[in-house]
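2 protein chains.
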Amino acid sequence: MEVRNCINFLLSSSQNAVFKYFSKRLSEYGITPSQYGVLNCLWEYGDISPSKIREILKLEASSVSGILDRMQKNELIERHIDQNNQRAIVVSQTKKSMAIKNDVEVIVSEMNKKFLEPFSDEEIKIIKKVLLTISDME
Amino acid sequence: MEVRNCINFLLSSSQNAVFKYFSKRLSEYGITPSQYGVLNCLWEYGDISPSKIREILKLEASSVSGILDRMQKNELIERHIDQNNQRAIVVSQTKKSMAIKNDVEVIVSEMNKKFLEPFSDEEIKIIKKVLLTISDME
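Taken in order, these protein sequences are the chains called P and Z. Read in order, the letters of the first sequence are residues 0 to 137 in numbering that gives the first Met the number 0. Read in order, the letters of the second sequence are residues 0 to 137 in numbering that gives the first Met the number 0.
Possibly wrong hints are sitting among the right ones.
Identical chains share a label here; the pair holds if one copy fits it or two copies do between them.
[As the list claims (entries may be wrong)] Below are the BS3-like pairs computed for lysine-lysine, each with C-alpha atoms no more than 27 Å apart in a straight line:
no., residue 1, residue 2
1, Lys-128, Lys-95
2, Lys-72, Lys-127
3, Lys-124, Lys-94
4, Lys-72, Lys-112
5, Lys-100, Lys-57
6, Lys-128, Lys-94
7, Lys-127, Lys-23
Calculated directly from the structure, the hints in this document are not laboratory data. This one's a predicted model, so the numbers in the text were calculated from it and none came from an experiment.
Here chain P stands alone, though its shape is the one from the complex (with noise of 0.2 Å):
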């Protein structure tokens, strides 16, 4: 079978593309895309908890963690006790990622076009389709 029949060389091959793509651009602004995917739960939820960022990004609890971390460090999040439950943590954003968020976003949008321009409105849909389905199977 040829490798380019191989569901995992596909994704993985146009994963690596656009994934480097991302990570030049975003590199400007000192994140990485494991990061834009949280920011993006922020700006998109306001304040969110950890366990909701993972059924977001769908990522592992501890992947989320050090993500988590390396931002707090980062001074790109905080943070904080959850005021309705004392037992639970929240994460907010802070000033220094309020501050990136128009140009972030204008990168997310430019390399959604970059990469799909070259196929039809069909198409994208389809795609789209194809890989949630794909990212929610075991």
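Chain P is fixed; fit chain Z onto it per the hints.
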């Protein structure tokens, strides 16, 4: 923008799901998904140069070199001087890698079937075209 519309998120999360399954299945045979990529090149093309492997798998030279080092240590490949060009190296398979070929190819078929089963032939054709096109973009 919802993160599910970000092409990097869509590819990362679907790739995570597939990679996790594939790594686990291959671990029974002591190989990784990247090492499968190299074995697939050998099984498709016979003896092959490291630069040809790099081209087929769309990897950096340093990545291929590291993968080959580990595979050689684990007796899955051998490196020889190319008989047609004494300055060049060719990679070939070993008894150990020949012995796992059939079982590994069954795993790859099962993985493709599992993750692509929910989709129509037309959708699969589109997803393959889209992912191959993206993987060639920079």
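Intra/inter-copy verdict for Lys-72 and Lys-112 if alpha-carbon distance must be at most 27 Å: Answer is neither; intra-copy 32 Å and inter-copy 43 Å both fail.
Alpha-carbon proximity between Lys-128 and Lys-94, which holds within one copy, between copies, both or neither at 27 Å: neither (35 Å within a copy, 42 Å between copies)
Status of Lys-94 relative to Lys-124 across identical chains (alpha carbons, at most 27 Å): For Lys-124 and Lys-94, neither the intra-copy (36 Å) nor the inter-copy (46 Å) Cα distance is at most 27 Å.
Status of Lys-95 relative to Lys-128 across identical chains (alpha carbons, at most 27 Å): Answer is neither; intra-copy 34 Å and inter-copy 40 Å both fail.
Intra/inter-copy verdict for Lys-100 and Lys-57 if alpha-carbon distance must be at most 27 Å: For Lys-100 and Lys-57, the Cα distance is within 27 Å only inside one copy (22 Å; across copies 33 Å).
Lys-72 and Lys-127: within-copy, between-copy, both or neither at 27 Å Cα: For Lys-72 and Lys-127, neither the intra-copy (34 Å) nor the inter-copy (41 Å) Cα distance is at most 27 Å.
Within, between, both or neither, where Lys-127 and Lys-23 count as close if Cα-Cα is 27 Å or less: both (24 Å within a copy, 26 Å between copies)
Hint compliance for this structure: hints 1, 2, 3, 4, 6 are not met, and every other hint is.
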